[in-house]
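*Asks:* Protein chains in written order, with the working numbering: chain A, 1 to 305; chain B, 306 to 549; chain C, 550 to 821; chain D, 822 to 1256; chain E, 1257 to 1605.
Check each hint, because a few of them may be wrong.
If we take Cβ atoms under 7 angstroms as the criterion, some of the chain B residues that face chain A in the derived model are [what the hints assert, rightly or not]: (1) N386; (2) R390; (3) F403.
BS3-like, lysine-lysine: derived pairs with alpha carbons at most 30 angstroms apart [to be verified]: (4) K102/A to K653/C; (5) K653/C to K1011/D; (6) K1586/E to K1418/E.
Hints in this document: simulated from the structure, not taken from any laboratory. Predicted model only: the values in this text are computed from it and were never measured. Where a beta carbon is used, it is the ideal one built from N, C-alpha and C, also for glycine.
Given next are the chains, with one letter for each unit.
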Amino acid sequence: MDAFILAQQLVNGVTLGTIYGLIAVGYTMVYGVIRMINFAHGDVYMVSAYIAAITLAVLHFFGFQSVPFALISILIITCVITGIYGWAIERVAYRPLRGSTKLAPLISAIGISLMLQSYVQISQGARDQGVPILIQGAFRFGEGQHFVQITYMQTVILIAALVAMGILTYVINYTRIGRECRATRQNRQISAILGVNTDRIISSVFVIGAATAAVGGTLVTFNYGSFNFFIGFVMGIKAFTAAVLGGIGSLPGAVLGGILLGLTEALFAGYVSTDYKDVFAFSLLIILLFFRPYGLLGRAEVQKV
Amino acid sequence: MSTTETTAGPLLQFESVHAHYGPVEALKAVDVQISKGEIVSLIGANGAGKTTLLATIFGAPRTSSGRILHRGEDISTLPTNRISRRGIALVPEGRQIFQDMTVEENLMMGTTPIGMGHFEEDRAQMFDLFPRLKERRSQTAGTMSGGEQQMLAIARAMMARPELILFDEPSLGLAPLVVKRVFEVLAEIAAMGKTIFLVEQNANHALKLSQRAYVMVNGRIHLSGESAALLDNAEVRKAYLGLH
Amino acid sequence: MKTPILEVQNVTMRFGGIVANRDVSFAAERGAITALIGPNGAGKTTIFNCITGFYRASEGRILLNGRNGPQDIGQLMTRPITGGSHLVTRAGIARTFQNIRLFKEMSVVENLLVAQHLATRNNLLSGVFRTRAYRAAETEAVDRAYFWLSQMNLASDANRLAGELPYGRQRRLEIARAMCTSPALICLDEPAAGLNPSETRELSEVIQRLCAEHDLSVLVIEHDMGLVMRIADHIVVLDHGEVISDGTPDSVANDPAVIAAYLGVSEEEVTA
Amino acid sequence: MQNNRLASLLKEAVLTFVISLILFGPISGLVLDGFGFRNELGRSVTLAAIITAGRVLVSLAGMSEIGKRLRSRLTSSNSGVTVNTGQERSPLLPLAVLFLAGLALPFFADKYFLGIAILALIYCLLGLGLNIVVGLAGLLDLGFVAFYAVGAYLLALGYQYLGLGFWSALVIAPFLAGLFGMVLAFPVLKMHGDYLAIVTLGFGEIIRLVLNNWLEFTGGPNGAPVPAPTLFGLEFTRTAKQGGVPIHEFLGISYSGDYKFWFIYVVLFLVVCAVIYAVHRLRVMPLGRMWEALREDEIACRSLGVNHVFTKLSAFMLGASTGGIAGVFFAVHQGFVNPTSFTFFESALILAIVVLGGLGSTVGVVLAAIVLTILPELLRDFAEYRVLVFGILMVVMMIWKPRGLVRLTRPAFFPSSHSEAGIALRLEPQTEAGR
Amino acid sequence: ADTIKIGVAGPMTGANATFGEQVWTGVSAYVNEVNASGGIDGKQIELVKGDDACEPKQAVAVANRFVDQDKVQAVVGHFCSSSTIPASEIYNDNGILTVTPSSTNPIVTDRGFETMFRTCGRDDQQAVVAGAFILDTLKLDKIALIHDKDTYGQGLVDALKKTLEERGVEPVLYEGLTRGERDFNALVTKIKSAGATAVYFGGLIPEAGPLIRQIHEQGLDVKFVSGDALAQTEIVTAAGGAQNLKNVYYSSAANPLEDPATADAQAALKKANIAPDNYTLFGYASAQTIVAAVQGTKEGSVEDQIAWLRANSVKSAVGDLAWNDKGDVKDFKFVFYAFDDAGAPVPSN
Ligand SMILES: Nc1ncnc2c1ncn2[C@@H]1O[C@H](COP(=O)(O)OP(=O)(O)OP(=O)(O)O)[C@@H](O)[C@H]1O
Ligand SMILES: Nc1ncnc2c1ncn2[C@@H]1O[C@H](COP(=O)(O)OP(=O)(O)OP(=O)(O)O)[C@@H](O)[C@H]1O
Ligand SMILES: [Mg+2]
Ligand SMILES: [Mg+2]
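Given the sequences, and given the hints that come with them, work out the whole structure.
*Replies:* In structure tokens:
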């Protein structure tokens, strides 16, 4: 009995954590390259949820009913449009602030976050929206009342996240654009002098970050089925926490931090109290940072005196 | 666009260039010419504006008036990242290597303007020039000593196969032995047919290496001429060579 | 013989696998200028960081015989709760940095006033209400700042932003700021880097004057052999983290090991 | 040349139009309705057209001479810091006028306006507090609202459990909030920049969550009532509730709910003035200088013997104390507190005040606090577009003045007249007694 | 004045904007009706919108603005208790009749402000009904109590807990979830491990929807019971479709089929093509209350209106309303609903 419950909670935690991780990647990428906490990221994720739902509605309208086709085309369309959102936000609100104080873009990001929420609220209404269940059913292990299950949707989430992370890790570590990202992060001026188009690199980081958030947004939309214009806020804070937990700036760290956070929440909620799970999560973060000031996988900045 | 014709004029030319940092005018009507294959050095006191002069070539800061011509084309409004594609490379003051990257990755970054096509070949050449880098090829660059970093910065600039290389105080903070080695390397690089524009505090070395030189004072070109002549100039000897 | 102001005893410093210093021992004499030279990456800055309390040496001991008697630097740093590198400064060691570290967005005087925070009144209330004692202490601090500025030939720049100054002046400002902590020993990390020969000459006179007039001991890292030979009373040479030579300028300059590792053959640089 | 320009303008316009259409198409063009959608694509085409037109106008304006000049005037940044020359005129007179005008405000303003003025002053206080932490000491604090909450709940719960009144809470709040600041600061000060930000954010959330969840003690989401203020035992309520005498009875005038707001306003105004003075002094005091030095370069500070832990701690505590005081005023003004007033967004707003004001600038903070409090009220006529416009304005203000509304200046210092003579004496290295 | 001004205050922006929107829709629907039929004694009613975003500080600003600048004669609002409490102090000081459609916090009416009324029921009344429904109608006694840590939800659940305990039933689980989250899988698993057969949720749609869906997805065989906040059309989409609503019940205002007053209102809303969402109805009812008081006293003073409301009852969109001296509704009627296959609510008994 107990083992089944524990296993189920682990499944719950890992799924939630994977989603946190996917959103956290956006924070980490942007931070990694321009040292900016992009507080509008949660709202980009929110926008992507709407785009995914609208795309589904449009597909249904035109009579496309095949689930795998729908899922894949929604993922692609959502990533592309959300990516353009990421690009446009950077272009309009952050690029003019390059080279000013570090905090200016932070405030600008808060403004963008308000704008996006308000824009979606005005356009789509404040009420909760939903999508029909796309994939139903689950792998079940066990029998009767004693079982562990992983829904097909959860499986899709895990696979999609793995694929997305795999692609990203490869891009960052082994491709030219990844190297240029890392160079830009360390010294933008010199990178430009060496011929790196830093504006384009920064734009692409925002696009990639937004697209990853869109993967998260799409999956969340289809997994939980409901959303409104305000979901970005809580998710934003959680994902930011995950990013820092893992060491902000580190891609695998973001995923690890996300999963750790998801597991912590699930286990604490399951075995202690739902009321205080967030208090616990934040306390854990503070304690962890106390002992590892750069997060789990973050590297200390080389500080040669 | 860079491979079209080689005009008869100078490779790089400053035409009455002014530059500002906010309200401070750092360059005042600067005229400098560099022809293909030359070694030209620029000396001057601290804060004279030497680094600024090099930086304006890359548009940071941008010129507030005047033109910078490369092969006869005005490059002063081009985006920074387009400059290096024209075959100009900079070895920046204070080295500025990518601290968190390995030596090899730093070299890869150097190839940005021309792509990785000749990477293996060029890397081998750099390792010949700086055997020390070969030993440290996978060390994180930030943990290397100053001299090692300087060599890396030079090698990185060379990876783009530039025609014109700008050196900003390459001997800064290096041990005497290494300073000698760096100047030998400069000579070797010049022997490869590259054009060199050298900014140095170490006026003695710089003037000995170069054919022509400019002396900068307070943002203006104060003197210019054959290096050998400047070495004998009383004013230069007193102010920049510390001799009486 | 006088007790040396600083004794470095068998210091080893490791970074993970890298050994930056291995069993380094030397002493800096009181009232004299000791120079630390060696190839790039020899571990000079690292030993400096151990002396000034930025790193805790992996092994060995560093003793300061300052105003308060002999003190172990390592112990000052690891003292519970209150410990830290600031205690090393308070014990009487001041330093400058290889890469200039000024408070760029503060004025030149303010840079010096920060350095005197121990002398001025830190009491919050006395400051808010501007008590007489507070004002007196503040005036004195400003005057002392101006004194060091004029010593360094910087008085005309007093009310400019430190970041605006040309490099050479920033170097001198950093020394002036260090002097404001009233040290017994001052450690200079490549003070002449980026200066031209005539500026270097000026600087060497300043250092010598400090040493002679203000009862100061100096420990200096420098690659400019002209400066080193001119001012040093005593030279320690590091290579690969180890001391390879230790003695008077003459003996060191003619030490074949030093020539091979550091100087190269010619005499030219030494005299130029 | 002319043709070239037109062509590029056209290209730009088409590009802008296409991109805005992609952006606005799904969200404002296709509105979700149940599991289906409603077609409102006309709306997004209009939006895209507006954006494109705006873009073209800006480009055109940028080409014309007037536009160029206007643009350079607008963007001529007040970047950087200037050092005073020491010749500046003393601002005493205008300050005195401002002070008197501020004091006299209740006689001219209606309650709506006064209410907003009180809010603006509370945000001034919060901004000044956070300015110490972020602007002066350079520690990014995203959980400042925690200390605000501590002050507010101190009054509410203190009244409920201990019978504390407004005045005693006002005295205790800075100490209690400072204590909380210290508790937070200890684990936090080892951390760098953005890690500090998340930890403080977490701390702010923890405080809010505990206030929300600990039903038995704090009232949870139901909040807690706060007593009206008193003045020498005189109460501002219609009938006495705290054992005193209602002030209108004492003075023999008729009751009005406005008296309470007048009173709060005046006390708050005086406190804000006092804090402004103190912060202003701090900037030229050793402690304030050490904060700023720490912001500039921590390693250099340590090399000068500055105890960075203690110095950061003091900044955190002083900032927190100010926040605590603001909390007390907030509670007494609202007459009720609950956790919804202390969300992360509130922290963000206070941070926006500090940044918009120009990090470290006292005048800037005051200005920004007023702007950011009054702006949302002015925008009420935009109805549901209010938040949208507020967001846009926030971005625009940052782009327009990335370094804040007010240019930073630094004080000038000059040697005392008798210093030349005294130099020799003062040359002696300091002795122990000198400390 | 030739018009009567009424302020409508609530969250028109921010996390709770959807509810502010509903209240506004309800109030304006009724006011349009009144105005179309000639207004009150020939006077048109003019509405003023006040957005407080459910933030207390904005609530005070809105209240002051209503009083000083808009000079409203009555207020429908605010929505959140945390806004109503500080704002009502200002309305009370200035003698403005205030009717909140939704603030269920006891403090709202417990402070003795005479101008303060509410059209929503108090939690204890709904809780008694819910307790009876679960224990007697559904005949389940392993009950998990879940709330959203907000005034309404937690108040409801706490009252139910007391009711259950009075009947000797100890809930198997008592937990609060966080508003704004979407993933309650851990909680659902916990409900499962607690062996609950019924879940009572005190909270709103954004959390209720995913909770229902996840209970369904994890294959829990439980009945899901909730309060009147579920009385909204969006529950169908939020829960992932009508098939997930099979075991879902909620209590709501009296059955329109039995109560002509509510039937009229619902018909009117239907005609105006407005969804009869819960807070739309309560907004509608609050407007009815104010209009009734004004009409009943022939535009008498506030004191008259207060006295009138205490003495009379109003036929409203949520049933007959009568008030005690505190301003609370006297025995509010609740009916339980279930859902049919298309997701439309049907009375259940
Ligand atoms: N980023 C900057 N902002 C403001 N002023 C600057 C900046 N960089 C340089 N300056 C000023 O411009 C002038 C020229 O500086 P530059 O660095 O070009 O001199 P330099 O000749 O390279 O000196 P050095 O030999 O010290 O490298 C100096 O007065 C300096 O103070
Ligand atoms: N923080 C660190 N982490 C890892 N290795 C380090 C660190 N600091 C120094 N080192 C290593 O220690 C060695 C000594 O470095 P150090 O900076 O002391 O050299 P140096 O003698 O000052 O050289 P230079 O004259 O170039 O300044 C170098 O090989 C360097 O790579
Ligand atoms: Mg330079
Ligand atoms: Mg060094």
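*Asks:* Does the structure break any of the earlier hints, and which numbers would those be?
*Replies:* The structure breaks none of the hints.
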